[in-house]
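Asker: Add chain B to chain A, keeping to what the hints say.
Respectively, the protein sequence lines represent chains A and B. Residue numbering for the first sequence follows the working numbering, beginning at 1 and increasing consecutively. Residue numbering for the second sequence follows the working numbering, beginning at 1 and increasing consecutively.
Hints were generated in silico from the structure; no laboratory data involved. Heads up, a few of these hints could be off.
[Unchecked claim] Calculated cross-link-like contacts (lysine-lysine; reagent style DSBU-like; alpha-carbon spacing at most 35 Å):
# : chain 1 : residue 1 : chain 2 : residue 2
1 : A       : K486      : A       : K508
2 : A       : K271      : A       : K508
3 : A       : K271      : A       : K245
4 : A       : K486      : A       : K386
5 : A       : K508      : B       : K202
6 : A       : K245      : B       : K202
[Claimed, not checked] Okay, the calculated bits of chain A under chain B, using three or more residues with CB under 8 Å as the criterion:
#  : stretch
7  : 199-210
8  : 277-287
9  : 357-371
10 : 398-406
11 : 475-487
Everything numeric in this text was worked out from a predicted model, so none of it was measured. Cβ atoms here follow ideal geometry from the backbone N, Cα and C, with glycine treated the same way.
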Amino acid sequence: MTRPVALIGAEFEENLSLRYLAAAIEAHGFVAEIVPFHDPAEAGAVVARVAALDPLVVGISVPFQLRAREFLGLAQSLRAAGSRAHIVAGGHFATFEYDNIMREFPAVDSIVRHEGEHTLIELCSRLRDGTAVAGIAGTLTRAPDGIVDGGTRRLAPLDELPYPDRRGEPHEVMGVPASPIVGSRGCYADCAFCCIYAYAENADGARYRRRSPENVAEEMRREYVERGVRLFIFHDDNFFVPSAKLNIARYSRLQELLDGYGMNDIALVIKCRPNDVDPELFGLLRRMGMIRAYVGIETNSDEGIVSLNRRITSQDNRRALTVFRELDIYCSYNVLIFDPEATLDGVTRNLDFMHGFSDVPFNFCRAEVYAGTPLKQILERQGRLKGDWFAWGYEMRDPQVEVLFRIAITAFGARNFKHDGVANLNLGIRFDHEVVRHFYPDASDPAWHGRLVDFSTRVGHDSIALMREAHAFVSAEDIYDSARVKAFTLDLARRVARADLGFVGECKRLRREMEQRVVTRADDRGRRVWSRGMPPWAAESFRLGSSVGRELSTERLPAPGRLAI
Amino acid sequence: MGIKDQARRIAAGASVAVATSGLSSCNDNGAVDPPPPPLQCNTVNMGQTLSASATRDADLVDVTVRNTLGYAGWRVDRVTALTGATLVSTRLPAGSSNDSLGVRLRLESETTTQATFTVEATMIGPSNEMCAVQRTFVVTISPTGVQVSLADVDRLPLAARQRAEIRMGNRAGRVVELRAATPWLGERVVSWAVTGGDLDAKTGPAVRWTLPVTPGIYQAELVIDFGDEGLALDTLLLEVREA
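Isolated chain B (complex conformation):
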């Protein structure tokens, strides 16, 4: 359909449109200088899914570091910055998400109660996207055993800036399929709401939205709760016009 034809249809009101709400586009007329959305490396993760456990045999401590995010892999680039111990050996993961990193440390002395080491790694997502991360682990020796914890953990809420996006799927008349899209494939709870019409479900990755017949602009809301990994919301506005 040519430009003029398209304009004629709009002018004549020949078709009822269910249209997304866009008016002027920010990127085609010099009208706006859009601000930059935050750069983020959360399509994979920022290493928050790395966890460690340890065992001790005299002055030797064996630490196992795992990536608990099931769908993504990781690559350890190096283990550095040791304090309180020397590095005896490392066993690097092969790139599969289930592979673990083994770090064997020799404590500096019998009285050493704390040692640290830093893992420099690359988290790898399902589409081969990558995120370089650095994580420092603290090994604490006590009479009852050995514990490992993450240093400098981001303990503030909403640690991962998550993304959610409503994508329109199949359409049949006033019925529109909405799909929830997010690059984060870990644990999440998806919920939906609309300001008019009916949804066939309030949760789940895809829903069918039956728009009202009454002309107006209606809003669909998608909320994805990622638990400790944050929260994201997206909305989609559709307009039902008069014939």
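Next comes chain A alone, as it looks inside the complex:
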């Protein structure tokens, strides 16, 4: 019997990259085992599980540059534990950093570049058959006389791929079964910071490829029927092409197909660029059940729009969010207020924009330098890269902005970047409410909705006000005075933390009230159908219990009366 193929990666939600691979190789007679790897603390357990499987191939998906060292270190640990498997790494990071990986991680036998379905099938087949693996298109393979580059592999039409593996129960949001899905790969745009663009552009094929509406609808139908999925979270990096007419035609067809299947009680989540937000198109999507759009605002500063190659205007940004307001569609956005060419005026423009749309949950950060991106090439040419191939950094050209970034990243680190930081809680409760509004309409009303919008607005205003203080500080003070900068930063960080304490408490009260509304106001059908016989908070409790990030674990302690202190 052929040994199985172990596919390792994060599975916080169904990991479509692993699950497309699993489906592809299982269609060719292999047994795929998906091995979740969420946290460095799990490395020992992952190694033990793989050892027990004794797989023919271990595939390690390295999609996040932030965790690349951790994932590649796992390959070393597997080999040290005696694994005889062929270890292959893939994903965006491995696609670009293959030479460094092969040099510094000798446990890695090969790299699969770009999309991996067909390449992995051929790799596994050759290993099963005992034939040489060097030279397979789409791979770099370690051989006795060096690394063999198999060249690129032509990208396959997406409709030809098997649907992703859907083993296990779907995760639930407020008791509603949900499923991640992609209708396309790549993006038509070419933003300088974007690893998706870099990944697609570097491959042998079109930069943006779409599945047919028929192919997408059929996968949705299966999920609807077989697993009871009602919430479809489209992870397409961009849901659209730059033509409202073509987009309307595509999604009208999808709606027609879904209507034909009787799927008129579903909800959709999508991502888009601001220039694609068209009232007619989004009115259609609203009718199809779209409850949330992530809008890639990214920057509203003049220099950022140019240096990040956004190919849009500040008017596009404002118009997009205004259309969402007018259509009463929930959205969220992120702003890269720091980029290599950021100026204090540009930061102000971004803060002004965020203030104008602070009823919409947002977050802010720096444009990071990902492998293979134009931004990396530009900074490399300018001699501005710092760090190493795992984590390139840079300094902004304007030292005042650089210090503002350093202050911000210290003071807002917990709020903006922790899994359960206020920024994510703000986004999370608004999304959960949209699920409630759609699936338990009796549990929501305009006044309640207004309270949640007010919460988001106050979180946004707090961040903006504190950032304006930091902006004023670097504008007026000696930024080279380390003691003063540190003292200001610590004071700011403490004020952010104190505000967060209040926001978390309020968010938690809102969350419990929302659960209570579902319990007491949703009709029987909603409770019975959507929560599948379990109280709606059960799914949330499960999520809490399973969210075992370092700062996410839920700890239960005995009641005070029974304490033995």
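Answerer: Chain B alone, transformed into the frame defined by chain A:
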């Protein structure tokens, strides 16, 4: 405990929970598209701990470059980009943190007053994590002697983006052990504060926090001051619930 059992306990209020503050997780329901935290190579250092001294004998200058970070090693990949001098020889460190790099330069002429060279190195941390760095040293010749300084030094404050993390340790009832975690093992001062309850210490790598009996959400604050290497703060929220 199954999902339903867990839910029942919550619904019935059968247990008082001291829970971290997480509600929705960003990574499991499509609710959020989290922004990327800054990529950083500061688990080791960015080469800011390299320092140099020099001696001169006629037109020969011997420069010694040391890694002053005691716990980490370094590997010199090459010495390049010389101006004002030619490279006579190098003595590379063996990989131990205490090893130094020796660079012997021959000045271009008797009137040369400045020479530069660049060290391309890899800093290596205690867990074998690495960070590639480039440092340019400036050798200044004066009648009174020879001095070496770092060029292009980041003189802005908070140069290293440091990390601090509160980790929960042992628990006994309302008493929770908190530990300060950071990948930076150099000089640092750790301090703690809480918004309710009592700490058994205000400084040190680990403290015991006795939470109040009164229900509510309480916050622990960890500040790690790394001196010239920056500052980091982390908070942990715990909720004490009614029985």
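Asker: The stretch 357-371 of chain A covered by chain B? Criterion: 3 or more residues, Cβ-Cβ distance below 8 Å.
Answerer: With 6 residues closer than 8 Å to chain B, the stretch 357-371 of chain A meets the three-residue bar; holds.
Asker: Does the alpha-carbon distance linking A/K508 and B/K202 stay inside the 35 Å limit?
Answerer: It holds: about 29 Å lies between the C-alpha atoms, which stays within 35 Å.
Asker: Is it true that the CA of A/K486 sits at most 35 Å from the CA of A/K508?
Answerer: holds, 32 Å
Asker: Counting residues of the stretch 398-406 of chain A whose CB is closer than 8 Å to a CB in chain B, do you get three or more?
Answerer: n = 4 at 8 Å, threshold three: holds.
Asker: Take the C-alpha atoms of A/K486 and A/K386, compute the straight-line distance between them, and say whether it is at most 35 Å.
Answerer: holds, 23 Å
Asker: Check whether three or more residues of the stretch 475-487 of chain A sit with their beta carbon closer than 8 Å to a beta carbon of chain B.
Answerer: Result for this restraint: holds, n = 6.
Asker: Verify this for me: three or more residues of the stretch 277-287 of chain A with a beta carbon less than 8 Å from a beta carbon of chain B.
Answerer: violated (count 0)
Asker: Is the hinted pair A/K245 and B/K202 satisfied, with a Cα-Cα distance of at most 35 Å?
Answerer: Distance ~63 Å between A/K245 and B/K202 Cα, so the pair is violated.
Asker: With the threshold set at 35 Å, check whether the alpha-carbon distance from A/K271 to A/K508 stays at or below it.
Answerer: holds, 27 Å
Asker: How does the stretch 199-210 of chain A fare against chain B when you require at least three residues with a CB closer than 8 Å, holds or violated?
Answerer: Our answer is that it is violated, as 0 residues pass the Cβ test (under 8 Å) against chain B, missing three.
Asker: Could you grab the alpha-carbon distance between A/K271 and A/K245 and see if it respects the 35 Å cut-off?
Answerer: Cα-Cα ~18 Å, so holds.
Violated hints, in rising order: 6, 7, 8; the structure is consistent with all others.
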